[in-house]
Amino acid sequence: MSDFDSELDASGLNCPLPILRAKKAIAGLEAGQTLRIIATDPGSVKDFEAFCKQTGNELLSSGEEGGKFVFMIKKS
Amino acid sequence: MNTRLSGPERRQSILKASQQLFADKGFHGVSIDEIARAVNVSPAILYRHFDSKQALYDTVLQELSSQRESYVDMVVNSDANFEEVLTGMTEVFIRSIDENPNLLRIEMQSLLNGDPASSEFFENRWKSFADYINFSLNERLGYDVADREIKILSASLMFQGMVREALLQKYLQPKDRLVDVSLNELSHELVTLFLKAVGIHDSQISQKAP
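Going down the list, the protein sequences come from chains A and B. Our numbering applies: residue 385 is where the first sequence begins, and numbers increase by one. Our numbering applies: residue 70 is where the second sequence begins, and numbers increase by one.
These are calculated hints, taken from the structure and not from any lab test. For glycine and all other residues, C-beta sits at the position ideal for the given N, C-alpha and C. It is possible that part of the hints are untrue.
[Stated by the list, open to error] Keeping only pairs whose Cα atoms sit at most 20 Å apart, straight-line, the calculated EDC-like set for lysine to aspartate or glutamate is: (1) A/408 x B/132; (2) A/408 x B/153; (3) A/407 x B/208; (4) A/437 x B/148; (5) B/94 x B/142; (6) A/407 x B/132; (7) A/452 x B/200; (8) A/408 x B/208.
[Unchecked claim] Derived Cβ-Cβ restraints for the label pairs, each shown as a range: (9) A/413 x B/170: 41 to 49 Å; (10) B/230 x A/413: 24 to 32 Å; (11) A/448 x B/127: 23 to 31 Å; (12) A/430 x B/188: 19 to 27 Å.
Build out the structure end to end from the sequences listed, making use of the hints.
Here you go:
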């Protein structure tokens, strides 16, 4: 079993696409469920921090794995 | 002579003055002496911060070409349909040029000079439009459409071209020909024209974008 409920690969895409697609993916989740996002845009680190702050969803983790940025967001 | 600034403050004031001079006159039109005069220091002090005029120009280029716009506010506060997002992105982008037209001037110079920074200007700034239009049209356009890829590419170029031309007219012409048009009006009109051109009609505009 994976430790997230849904996954979004936004590799190669510049902002605002990763944020837009995450917004849509989160809309399809139940409260408490998690979304894992993979992105390559370096701007996405700051963007997902701001996105979670503004939407009230929780940014569980934000890190780098194999040259990509990986975020885990829990729907509030 | 002004000696009250700290090292980092002095470096910033040199960068600010040289950005303006390079944007107005180009790399070859500006001398180190002129930059030194503009910040009220001797060339010797300037060389303590930057080894050469080229190093100074490279730093100015790097600072501008790496500037990214944040579209988070716009995404959070919108319904995220294609028209709204494209309008919002265009507004954010135009505002960044309005706040600092040197971004546009230096980008144009980097293109003319064949400087690698011109790719950075694309990667960090224009690629947001290219990606968004590409992705959205890919979702909308039927797979049986002939020459699908070239159609999507052309649409993306068309939009970037419209925005760029409006910005050139507004900020690089010695006389602003668009003085009676507000930037927001302009961006709405451009998006509307674009949607018509790519065959997205009013009834489809409210469809959800990715």
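Structure-based check of all given hints:
1. A/408 x B/132: Outside the cut-off at roughly 33 Å; violated.
2. A/408 x B/153: 15 Å, holds
3. A/407 x B/208: Cα-Cα ~17 Å, so holds.
4. A/437 x B/148: 18 Å, holds
5. B/94 x B/142: Roughly 36 Å between the alpha carbons, so the hint for residue 94 of chain B and residue 142 of chain B is violated.
6. A/407 x B/132: Violated, at about 30 Å.
7. A/452 x B/200: Within the cut-off at roughly 18 Å; holds.
8. A/408 x B/208: 15 Å, holds
9. A/413 x B/170: 41 to 49 Å: 43 Å, holds
10. B/230 x A/413: 24 to 32 Å: Check failed, 39 Å falls outside 24 to 32 Å.
11. A/448 x B/127: 23 to 31 Å: Distance hint for residue 448 of chain A, residue 127 of chain B holds at roughly 27 Å.
12. A/430 x B/188: 19 to 27 Å: Cβ of residue 430 of chain A to Cβ of residue 188 of chain B: about 22 Å, so the range 19 to 27 Å holds.
Hints 1, 5, 6 and 10 from the list above are not met by this structure, while the remaining hints are.
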